[in-house]
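Engineer: Modelling step: build the complete structure from the supplied sequences, incorporating the hints.
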Amino acid sequence: MGNSQSISIGFVGSGGAGALTAGNLLLEAASAAGWQGLLTRTVGPQIRGGEAAALLRLASHPVECMPEQFDVLIGIDWLNAHRFGAEIKIGHDSLLIGDPRGGAVPPHIAEAGAREVQIPMKDMAKAIPDGRANMIALGIACRLVRLERETCLALLEKRLSDKGEAAIKASQAGLIAGYDAAQDLDLSLRLAAPKRATRKWLVSGNDATALGAIRGGIRFAAAYPITPATEILEWLAPNLPKVGGVLLQAEDELAAINMIIGASYGGTPSLTATSGPGLSLMIESLGLATAAEIPIVVVDVMRGGPSTGIPTKSEQADLNIAVYGCHGDAPHLVVAPQSIGDCLFTTQWAVYLAEALQTPAIVLSDQFIGQARAAIEKPADVAFIGQRSRATDISAAGAYKRYAIAGSGVSPMVVPGTSGGQYTADGLTHTERGIPTSGASDHQAQLDKRRDKLVRFAYGDHWATLEGSGDLAVVTWGSLTGAVREAIGRAAQDGVEVSLIAPRLLFPAQPERFAAAIAGKSRLLVVEQSHGAQFYRYLRAHYDLPGRVDVLNRPGPMPIGVSEIHRAIMERRA
Amino acid sequence: MSTAHERLACKPADYKSDIKPIWCPGCGDYHVLMSFTRAFAELGLPPEQIVVVSGIGCSSRIPAYTNCYGFHGVHGRSLALAAGLKVTRPDLTVVVASGDGDGYSIGGNHFLHACRRNVDMTYVVMDNRIYGMTKGQPSPTTEPEFDTALSPGGTGLRPFHPLVVALASGANFVARCFSGEPNETAAVLAEAIRHPGFSFVEILSPCVTFRPDERDWKSQVHQAPVGATSDPAKAARRIMTDDGFNIGILYRGDRRPYQPAVVQRHVELSELEKEFEL
Numbered sequence: 001m002g003n004s005q006s007i008s009i010g011f012v013g014s015g016g017a018g019a020l021t022a023g024n025l026l027l028e029a030a031s032a033a034g035w036q037g038l039l040t041r042t043v044g045p046q047i048r049g050g051e052a053a054a055l056l057r058l059a060s061h062p063v064e065c066m067p068e069q070f071d072v073l074i075g076i077d078w079l080n081a082h083r084f085g086a087e088i089k090i091g092h093d094s095l096l097i098g099d100p101r102g103g104a105v106p107p108h109i110a111e112a113g114a115r116e117v118q119i120p121m122k123d124m125a126k127a128i129p130d131g132r133a134n135m136i137a138l139g140i141a142c143r144l145v146r147l148e149r150e151t152c153l154a155l156l157e158k159r160l161s162d163k164g165e166a167a168i169k170a171s172q173a174g175l176i177a178g179y180d181a182a183q184d185l186d187l188s189l190r191l192a193a194p195k196r197a198t199r200k201w202l203v204s205g206n207d208a209t210a211l212g213a214i215r216g217g218i219r220f221a222a223a224y225p226i227t228p229a230t231e232i233l234e235w236l237a238p239n240l241p242k243v244g245g246v247l248l249q250a251e252d253e254l255a256a257i258n259m260i261i262g263a264s265y266g267g268t269p270s271l272t273a274t275s276g277p278g279l280s281l282m283i284e285s286l287g288l289a290t291a292a293e294i295p296i297v298v299v300d301v302m303r304g305g306p307s308t309g310i311p312t313k314s315e316q317a318d319l320n321i322a323v324y325g326c327h328g329d330a331p332h333l334v335v336a337p338q339s340i341g342d343c344l345f346t347t348q349w350a351v352y353l354a355e356a357l358q359t360p361a362i363v364l365s366d367q368f369i370g371q372a373r374a375a376i377e378k379p380a381d382v383a384f385i386g387q388r389s390r391a392t393d394i395s396a397a398g399a400y401k402r403y404a405i406a407g408s409g410v411s412p413m414v415v416p417g418t419s420g421g422q423y424t425a426d427g428l429t430h431t432e433r434g435i436p437t438s439g440a441s442d443h444q445a446q447l448d449k450r451r452d453k454l455v456r457f458a459y460g461d462h463w464a465t466l467e468g469s470g471d472l473a474v475v476t477w478g479s480l481t482g483a484v485r486e487a488i489g490r491a492a493q494d495g496v497e498v499s500l501i502a503p504r505l506l507f508p509a510q511p512e513r514f515a516a517a518i519a520g521k522s523r524l525l526v527v528e529q530s531h532g533a534q535f536y537r538y539l540r541a542h543y544d545l546p547g548r549v550d551v552l553n554r555p556g557p558m559p560i561g562v563s564e565i566h567r568a569i570m571e572r573r574a
Numbered sequence: 001m002s003t004a005h006e007r008l009a010c011k012p013a014d015y016k017s018d019i020k021p022i023w024c025p026g027c028g029d030y031h032v033l034m035s036f037t038r039a040f041a042e043l044g045l046p047p048e049q050i051v052v053v054s055g056i057g058c059s060s061r062i063p064a065y066t067n068c069y070g071f072h073g074v075h076g077r078s079l080a081l082a083a084g085l086k087v088t089r090p091d092l093t094v095v096v097a098s099g100d101g102d103g104y105s106i107g108g109n110h111f112l113h114a115c116r117r118n119v120d121m122t123y124v125v126m127d128n129r130i131y132g133m134t135k136g137q138p139s140p141t142t143e144p145e146f147d148t149a150l151s152p153g154g155t156g157l158r159p160f161h162p163l164v165v166a167l168a169s170g171a172n173f174v175a176r177c178f179s180g181e182p183n184e185t186a187a188v189l190a191e192a193i194r195h196p197g198f199s200f201v202e203i204l205s206p207c208v209t210f211r212p213d214e215r216d217w218k219s220q221v222h223q224a225p226v227g228a229t230s231d232p233a234k235a236a237r238r239i240m241t242d243d244g245f246n247i248g249i250l251y252r253g254d255r256r257p258y259q260p261a262v263v264q265r266h267v268e269l270s271e272l273e274k275e276f277e278l
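Chains as they are written, first to last, in this note's numbering: chain F, 1 to 574; chain A, 1 to 278.
A portion of the hints provided could be inaccurate.
[As the list claims (entries may be wrong)] Mimicking DSS-like on lysine-lysine, the simulated pairs with C-alpha atoms at most 30 Å apart in a straight line are:
1. A:K20 to A:K135
2. F:K401 to A:K11
3. A:K274 to F:K378
4. A:K218 to A:K20
Hints were generated in silico from the structure; no laboratory data involved.
Structural biologist: Right, here's the structure in full:
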């Protein structure tokens, strides 16, 4: 029995069988024991019923991507599991646990030829008053990953405290029964012990995004529900008022973005969250905020597109619309978080940048990091708080120029209520005072101003993640960064040095910094989750790339896995 | 914040900017601008406490012609922008200016929801029953037989009835005015601004360029024979059955305005993170 880098385990069941609850509890128990982990849930399009799976990966180090195949798969039942198709893979060495009354293992899982063990979870649950099979499954899993039984029982007591003594007892009895039933099961993997006790967080990317927004200073949000971004808005709804903020539900996304433009014009840092279809609707007004220089933050939790696409699954195909979507020349900020924890930092940074530069910032998160839950180290507090350059003391009426051409391109912004500062914010081409004009010189001057303020700003080292060295660099972005990092680590074990370049700031492009990052590289491998290789084309458009550039790209929903990336690296090693 | 004494000193001219309007000579919107400034003076509001928000079209040019704060946004979305502003800055007086194309066509959905939401603001639609800025296309209030290049022989469509739609959707104050009577219009606007919640004022404002026939509105409008009702059913019946030229305040409701409490911070940010800690 050797120590393993990580253990992956999945719970499968029909809707209502409790697979997701079991997964959540296992993640929490494992993190209480000091491990880190990642939990994704996959469900069918049905709101109730259908199929559900909770997929976990646990390790003693940060976990930022899912494995390509699972070490253990527990079928509370297999009734609808065939609908997952190739999404859940197991290997020859995997362990399959099923219930003799839970139906047949679906062919795509059975064909791996894995060892299969039957445990009568349903019957065992029946023997316990109010017992449930998913608690038996949880007990089995806890034993397999060698969690202390007492840790798990204590967690149940804590989590079910509002459900009453009977519910706690029933769940604990189920967990014990499962734990005991797995006593003799031999899993040839064992997780390395966690290095040290640290403060852990259990958080989803969407919740981290919402917290980052408030930390950065957001005090108004407009909300129109859309999968997979709604959780951001639902987290903000009760929490914004606690810090003096307001959330307003909008009638559509057109209203949502205009509400935040109005609130920000009034001086309140403002945000909305949406997904691709909503971003499409917001684009015209995003141009307004660019032209009228109103800071706003728009989070796009990307899902499969185009059109309605695949609402519940991830893709990185909104890069083009985020960067180029506006009509006219409308430069604005586009940033992308690289992990669940980074959703907090990047959103907070986006608020800071938008406020500093008086322009919209789009945060490109995605369904994978948005809806996955992770046990992570508590993220560091960072000092980025949105601060707008304000005009507060206006000496003479009529003297204030809202769009004054100043050195940095950022002109002090007055808020309504300030005497003598009256101006009309306008989407029409305007003069320095904000008066509409169709003159060539004002048009040129204001376009220059809005471009230059973005270009001249010092973004600091946060613009990208740069790691490692080597002749070959893998260039990626967003939620794929974790998988690429792991693949590079695997290549290092094979003695191959590869570097990682993952821009967090996608727009404005940083040509000098990028040139420095790729200095001395003779080849690049671009990795992205988009059918049209949007990121590759973006790189081609904005940067000088070295001689040989290859692309590993694929649309969602099948994530690009570590082995694939590792293989692509090894094929291209110098 | 100005003192009461200073407020008394504000005259209508103090609410006008030095920007020359782009409107055609004889346009009804000049009179609407006059009514705005008279209403603001009557209310004694400091210009910097007022924000005039608009969309796109001839009428939507009005913010920059006032000496108030203004926002000239995109086509049809002014009500949403104004709602975001007002709920976060309840101290400001928010007036939204629109036209029949901007407000009833592209912005139609926001009109319904603004009435329903009942945020304390005043919505003024200058209705000339035509798209003027794009040179004469039919709007939702254009008569079915009105001939245009885009609708040869007329649209054949029944005009939209904004006042009834506003009532049905929950507007808290409904009035109809005629731009050619700026004193009366100013008085109604002042009442609309004073009235809590969402106030809707439809101002018949002739387009002399593409609808010269609307010059006749002057002789067609007449004061509503009875005062405002607080019974929406009664108001709806009156509005549905009048000749469309009944001028005055037609409905005053008593719904409570929507204003989420903006409280001072009472929780430390670190408190919010507690739910993520193990």
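Engineer: Confirm or reject each hint.
Structural biologist: Hint check:
1. A:K20 to A:K135: 21 Å, holds
2. F:K401 to A:K11: Between K401 (chain F) and K11 (chain A) the Cα gap is close to 25 Å, so the pair holds against 30 Å.
3. A:K274 to F:K378: Answer holds: K274 (chain A) to K378 (chain F) is near 11 Å, not above 30 Å.
4. A:K218 to A:K20: OK: K218 (chain A) and K20 (chain A) at ~25 Å, within 30 Å.
Going down the numbered hints, you'll see the structure goes against none, and every one checks out.
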